[in-house]
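Undergrad: Sequence:
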Amino acid sequence: MKATDAPPELLATPLADDPMGVTIHRLESGLTVYVSPHRAEPRVHAWIAIRAGSGDDPANSTGLA
10 MKATDAPPEL LATPLADDPM GVTIHRLESG LTVYVSPHRA EPRVHAWIAI
60 RAGSGDDPAN STGLA
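Residue 10 is where the sequence shown starts when you use the numbering used here, and the numbers rise one by one after that.
Since the hints were derived computationally from the structure, they do not count as laboratory data.
Do not take every clue at face value.
Stated by the list, open to error - Label-pair distances were calculated between CB atoms; the ranges are:
1. D26 with A55: 19 to 27 Å
2. A25 with R52: 22 to 30 Å
3. A49 with A25: 22 to 30 Å
4. G72 with P28: 27 to 35 Å
5. T71 with A49: 41 to 49 Å
Please read all numbers here as calculations on a predicted model, not as lab measurements.
Even for Gly, the Cβ is constructed at its ideal location relative to N, Cα and C.
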């Protein structure tokens, strides 16, 4: 899949005055994705942070996260 194949709601524009060219995308699942291209090398680096664990449990539903 190329970026041009993505639905319009998944495309974003770079943040203003950002030297890293970061774009922010929100997927249908609610996941927020930050993309910073580095075209000098044909590689992908991913760092994933998900709010999950006991610290993110709802007060009335412990053990859920």
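Undergrad: Mind checking the hinted window 22 to 30 Å against the Cβ distance between A25 and R52?
TA: Because 27 Å falls inside the window, the suggested range holds.
Undergrad: Just tell me: holds or violated, for the beta carbon distance of T71 and A49 against 41 to 49 Å?
TA: 47 Å, holds
Undergrad: With 22 to 30 Å as the target window, see if A49 and A25 comply at their CB atoms.
TA: Since A49 and A25 have Cβ atoms about 23 Å apart, the given range 22 to 30 Å holds.
Undergrad: Return holds or violated for the Cβ distance of G72 and P28 against the range 27 to 35 Å.
TA: Violated - the Cβ-Cβ distance for G72 and P28, about 43 Å, lies outside 27 to 35 Å.
Undergrad: Quick check on a hinted range of 19 to 27 Å for D26 and A55, using CB atoms only.
TA: Given about 25 Å between the Cβ atoms, the range holds.
In terms of the numbered hints stated before, the structure departs from hint 4 and from no other.
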